[in-house]
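Participant: If you want the building blocks of each chain, they are given just below.
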Amino acid sequence: MQKTAGLIKKRALELLADGTVTKVLGWEEGDFIYDVTPAFFDKETIDSLVFSSFCGSNLSKYLIKACKEQTEGKILVFLKPCDTFSFNQLLTEHRIDREKVYVVGVECKGMLDIEKIKALGINGVTKVIDNGESLNIKTIYGEKTCERSEVLLEKCTTCKSKELVVFDEVLGEKAENENSQDRFAQVAALEAMTTEERYAFWQGELSKCIRCNACRNVCPACSCMKCVFDNIQSGVASKSNADTFEEKMFHIIRAFHVAGRCTDCGECSRVCPQGIPLHLLNRKFIKDINELYGDYQAGEEAGSRAPLVNFTFDDAEPSVIHERGNS
Amino acid sequence: MYYIEKAKLSELFSKIAENRSLYLPVKKNGQTNFAHWEEGTEYCDDLKTVKSAKDHFFPQTESLMHFKTEGKKIQINQDKIPDEKTVLFGVRGCDAKSFKILDSVFMSEPQDAFYTARRENSVVITTACSSPDEACFCGVFGVDPADPKADSDVVTWFAGDKLYWEAVSEKGEALTEEIKDVLSSSDEKEVEEEKARISEITKLLPLNNMSLSAFGGDKTDALFNAPQWDKLSEACLGCGSCTFVCPTCQCYDVRDYNGANGIQRYRCWDSCMFSDFTMMAHGTNRPTQKQRFRQRFMHKLVYFPANNNGEFSCVGCGRCVARCPISMNIAKVIKSFGGDK
Amino acid sequence: MQRIGVFVCWCGSNIAATVDVDAVVEAVKNEPGVCFAKNYQYMCSEAGQALIKDAIKEHNLTGIVVCSCSPRMHEATFRKTAEQAGLNPYMVEIANIREHCSWIHKDMKEATEKAVILARAAIAKVNLNAPLQAGESAVTKRALVIGGGIAGLQSAIDIADAGYPVDIVEKSPTIGGKMAQLDKTFPTLDCAACILTPKMVEAAQHPNITLYTYSEVEEVKGFVGNFNVKIKKKARFVDSTKCTGCAVCTAKCPSRKGGNEFNCNLDTRGAVYIPFAQAVPNVATIDTERCIHFKTGKCGICQKVCSAGAIDFEQKDEFIEEKYGAIVVATGFEILDVTKFDEFQYTKHPDVVTSLELERIMNAAGPTKGTLLRMSNKEHPHDIVFIQCVGSRGNTCRDKTYCSKICCMYTAKHAMLIREKYPDVNVHVFYIDVRTPGKNFDEFYRRAVEQYNVDYIKGMVGKVWEKENGRLAVQGVDLISNRRIMLETDMVVLAAAIQPSKGVRNIATMLTASIDTNDFLTEAHPKLRPVESPTAGVFLSGVCQGPKDIPETVSQAGAAAVKVVGLLAKDKLVTNPCTATPNELMCNGCSSCARVCPYGAIDYVEKEVNDHGKREVRRLATVNSALCQGCGACTVACPSGAMDLKGFSNRQIMAEVDAICR
Amino acid sequence: MPINENKEWKPLIVAFCCNWCSYAGADLAGTSRLSYPAEVKIIKVPCSCRVNPMFILKAFERGADGVIMCGCHPGDCHYSTGNYYARRRMTMLFSMLDYLGIDRQRTRVEWVSAAEGQKFAAVMNDFAKTITELGENVKLGDLRCKKQQD
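Chains as they are written, first to last, in my numbering: chain A, 33 to 359; chain B, 168 to 508; chain C, 607 to 1268; chain D, 563 to 712.
Treat the hints with care, as some may be off.
Using 27 Å as the maximum straight-line C-alpha spacing, the simulated DSSO-like pairs for lysine-lysine come out as follows [unchecked claim]:
no., chain 1, residue 1, chain 2, residue 2
1, D, Lys572, C, Lys715
2, A, Lys132, C, Lys1220
3, B, Lys252, A, Lys240
4, A, Lys106, B, Lys398
5, B, Lys195, D, Lys701
6, B, Lys502, A, Lys170
7, A, Lys170, B, Lys370
8, C, Lys715, B, Lys239
9, B, Lys329, A, Lys150
10, A, Lys159, B, Lys457
11, B, Lys398, A, Lys41
12, A, Lys132, B, Lys356
13, C, Lys644, B, Lys240
14, D, Lys691, D, Lys572
15, B, Lys195, B, Lys252
16, C, Lys1011, D, Lys681
17, C, Lys777, C, Lys840
18, B, Lys457, A, Lys258
19, C, Lys836, B, Lys235
20, C, Lys635, B, Lys240
21, B, Lys194, D, Lys681
22, B, Lys240, C, Lys1011
23, A, Lys132, C, Lys1213
24, B, Lys502, A, Lys41
25, B, Lys195, A, Lys150
26, C, Lys1213, A, Lys258
27, C, Lys635, D, Lys701
28, C, Lys747, C, Lys836
29, A, Lys75, B, Lys457
30, A, Lys75, B, Lys502
31, C, Lys1252, A, Lys258
Quick caveat, the hints were computed from the structure, so don't treat them as lab data.
Extracted from the complex, chain A is given alone in its bound form (with noise of 0.2 Å):
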């Protein structure tokens, strides 16, 4: 990790000087080792750009602003394997330019969650050291350790990808995708639940959320110029949610809207203040157009056609939904 930090640095640095890219979008650092900033540099400021196990935010959403705003020059941004297919996915959908970006990808062997740490005891962090498979954690209480599989972020627990599908220049070492679990193992284990299990427990995540819209704004397929829920002339705007039914509303339009287009990226569960598994929803559509429509990957290949805007002569009919399932 720290290898692959200092030839980030290095080979921003040499990008910069050649005229490559004009200004780069990468991660800054924060006040522990934990709280890195999406952040631009330029020679000037390039040397506060990090990498660490806590960069697991995903950086492509804001090439939509920064390719609007780039007249001369490209930008150079650092994507993790699963980030390059949200690039993918917004030069499909024409909100990027690939000509205007210069692609790093950085291989990646799974991002920390701090959450997950903290939910061990260990408070109080300040720093932690990544050993590759262990961390040395020294805190305000003292040193701890832990395994590094324990605090994976949730969705490098179920990493889709450690494929590149996108770049022009690869950094890092290539990490193995084998201790993946099954991506839809937890959907499936709603699946199995009986209707008022489900209702009960979506019941019981859904009604956390207080509308902050992290997870809608934070979302790289959530890029409306101006969202149906911010706009008061669509009918189903709504701020904080007055009753049970528009946490259901919201989530279920804007796991609609996204289905199809929906990389797996997992930002919208990293960044839910409220901890609700957010990430569930979008895979149960994923799964739904894999078993229905056959596998897509969204954002695996750019231009390709998302299952909702296509269809097939002989596709399911809604009725599926009633014969399939156990209750």
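With chain A's structure known, arrange chains B, C and D on it following the hints.
Facilitator: Same frame as chain A, now just chains B, C and D:
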């Protein structure tokens, strides 16, 4: 000073709950938040609730009135002012201070009837913050996590196997009187030790020594056009997680909902970070995320003190530090204006 | 705020007997925007319309709701009424309180409540209506006729006579269709070829008609007045400009095993063939599946014997793209595959034939040169049994539910012709009903019974089997005498159901014309618009719309031609104003809408927008309103809701939902 | 709505019908005097592909107990492909509702042609029966839309 054995906490809670509704930190779905206590509810000693205690006085949504049409006539019904007698237990010092800040907004003229009623009907029991987190910086705003007397009715400490109890206001005295049966008298020895321990820990907190000298009611001109805002705001997603977990953010929107029972007028939290905040027919007065971002921090560190005798609208609870999806927060803002010197 | 008038129609007692129209008027008076409400006996009557017009003027109405019959019935009427009173016609909404309410509910209270709710929904919608202006589009003055049978030919000739160019696309090598295979026609018994071939020649020689035989429609784009059609001219491997139709090649072709479709495969033809002597164009075609040259690369006899040098093995399929203003579908029919009806031994015994096969057997150009012979031993038959309704009027999965209409008459014709020519042959007809409505039809049938002594037996045949003597045993029921009967016969003729041609489904899809469950093309209105498809600019001619005989086909073909001519005579067409329209400030330029548009009506432009003072160039969707037909697929594909549909906007539909769920 | 003592509880059913096939099918049901429950209220849309999932959720929000969408049979869409998109969209939406624990029988898609008046009435009778048996929809509705008991 009184005490009760930790093992007998539930006795204390049921005693309090005899005449009042008790709210305290409860862990549910992996998260600790304030919740209504009932027989069997398990108290969670993790005081760092995800959402702040402000929800208790200023809920996320609140119905204000209803309109009903009958033919072409309209009938207006005011919603009932809440009259539930409540007790909040396990409030951190920082959160307790936030109530004072909210008071100066909602209880100054024109008074907010809903907020005021809830506030007046409640007793705040603070608990000394036994394990501050690395992101805590309440000291910067004058909160003493070891002895949060300033803004509470009763202060409590967990020390050894006891909970120590000290009433510090009339309301607190009255409550203590009501429940005295379950309490025993005590000296302050263990409490003093605990206070000292906490004070030692707070010295280690990396953000607790930031300086606010760059901020204050008179700093509008100096800060408004500062170049730092560009960099600080550039990654901001414009979500409202910081505002919604913040104990002092108090913006709300008033909306009408046209349902089957006529129209409900309700208020709900709003966030100055949202692109549709204070949206008007002509558009918004802060069209860029930089403007919105600047507004939030200028309000907390400049405009609010300008209108409230120098009081900052932040209590250093650290929630925004923990919750911001992109790890941008008020601490970074303070530091970028020289606060780390 | 709109000023809305609500007009509740009694429809005589059709509505008023079940819906309390006074109560509806009272109930809607307090709805938002409503400033006038009245009921009347017949709103669609002159007086009713006058009432609406007066109210519009007197109360300055900006929108009206008519609570009446289905909008499919009178929406156009009331739109016109509104327009005459100076109101935009799209400020009219209909609450369907007849078909969707009074006619299906009996309880007055229940029906009245529902009528009020439906009215409320229409009021809620009209509150959000905006005046719409229909656009205009030009008309390409050329017609396409798909199918070169009698229906297609008649339509084409009539259109061409009116002065408009017409192209006929026929999938087989010659025009003429099924009628060319018929021997005689009922009820006049004139020879089919004698009356058809002059029409074929007329079409071929008409200066306004272009024939594309051995061709198929590949792709249809566009819309009424502006269809873009791609036609595939399949390679014949014979240069039709050189071929003289001398038929030397067809005689010399050594590959002679394959069946001759024109004679219902009762005899064979060469791999290079001319379907029949009077074929138009009289040009040979090589069947590559049978041609030895195409299979082995050898042979080439036809090329050697052709003195005109017309054989061209290198010929390729040719594609023609043409613009049309109107399209006539005249794809005709085919005979139901009767192999599923094997209780009649059709697949097992050559003496069991379909009526069309019998037609060929009786025809002088047929496999037996017009002599009635048993196909098994080429001997003269003495008894013939006709079985009616094979595959028609049934209710099992192998049957068609409908009556094929023509069978009763052609069976009478066959029976009569046989008895006339071979008085020694006994003819028995098993029937369910004999249906003879038509000019001179019943007289014709009675002649068969009375004059020619044809034995009509009411009842169905249970089974047919071969006897040891090679003859056929027929077991049936006589429902009149109520007894089982057993007949021994030499031939059995099955009056097989007719069904639309197989290709019609594909053509209907290309044309976006709807078809019913039997694959017959649907007419825009079963009574009032019987020759138009619901898709504007597409017209129906002949059996593709439903079973019919030749005179009916010809009259429908003429009617379709008149509709086409009426359309082509216009210089401009008014387009549907209910089209999709994007909100530029909300459009993401993501292309989702364009991907689902069936008309290719959505394009993208780079355009500068002013978003509340912020100017920037964005990629934006634009809708060609001449192409857009207003389906709304794009509106749902658009996540931001930037794409909306005029006349059916998100807000309008949601307002209806709100009004209903209140 | 809780069962009122003097009034039998009746469901509220919203039916979205495409203009070309299903609305005409409903007309035919009317012309043929084939009755189905008055609880069914039809909203006309140009094509089933015009039905936005938001409309369906909106209906539930407002207290609908069942929502049915009818369109032309696949292959018969007046706009040629509209119902194919609608089919995928509704399959996805209904699957999600089911996943969230909303009774799946509350949503339905039926293809009804202009000639199928009989089918239209039969479908509506059956759907209304199903919804009546399921009872009031309490899982997916805005409480503020519930009628107050007086």
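Participant: Given the hinted pair B:Lys195 and D:Lys701, is their Cα-Cα distance within 27 Å?
Facilitator: holds, 22 Å
Participant: When you check the alpha-carbon spacing of B:Lys502 and A:Lys41, does it fall within 27 Å?
Facilitator: holds, 24 Å
Participant: Checking one constraint from the list: CA of A:Lys106 to CA of B:Lys398, max 27 Å. Satisfied?
Facilitator: Answer holds: A:Lys106 to B:Lys398 is near 19 Å, not above 27 Å.
Participant: Hint check: A:Lys159 vs B:Lys457, CA-CA at most 27 Å. Holds or violated?
Facilitator: violated, 30 Å
Participant: Mind checking the alpha carbons of B:Lys195 and A:Lys150 for me, to see if they're no more than 27 Å apart?
Facilitator: Holds, at about 16 Å.
Participant: Does B:Lys240 lie within 27 Å of C:Lys644 when you go C-alpha to C-alpha?
Facilitator: holds, 22 Å
Participant: Would you check the hint for B:Lys252 and A:Lys240, treating anything up to 27 Å between C-alpha atoms as holding?
Facilitator: With Cα atoms ~25 Å apart, B:Lys252 and A:Lys240 stay inside 27 Å; holds.
Participant: Regarding the pair A:Lys170 and B:Lys370, is the alpha-carbon distance no greater than 27 Å?
Facilitator: holds, 16 Å
Participant: Check whether the Cα positions of B:Lys398 and A:Lys41 lie no farther apart than 27 Å.
Facilitator: Judged against 27 Å, a Cα distance of about 19 Å means the pair holds.
Participant: Given the hint that A:Lys132 pairs with C:Lys1213, does the C-alpha gap stay at or below 27 Å?
Facilitator: holds, 19 Å
Participant: With the threshold set at 27 Å, check whether the alpha-carbon distance from C:Lys1213 to A:Lys258 stays at or below it.
Facilitator: Measuring from Cα to Cα gives roughly 18 Å; hence the hint holds.
Participant: When you check the alpha-carbon spacing of C:Lys715 and B:Lys239, does it fall within 27 Å?
Facilitator: Between C:Lys715 and B:Lys239 the Cα gap is close to 24 Å, so the pair holds against 27 Å.
Consistency with the previously given hints fails for numbers 10, 12, 19, 21, 22 and 27, ordered from lowest to highest.
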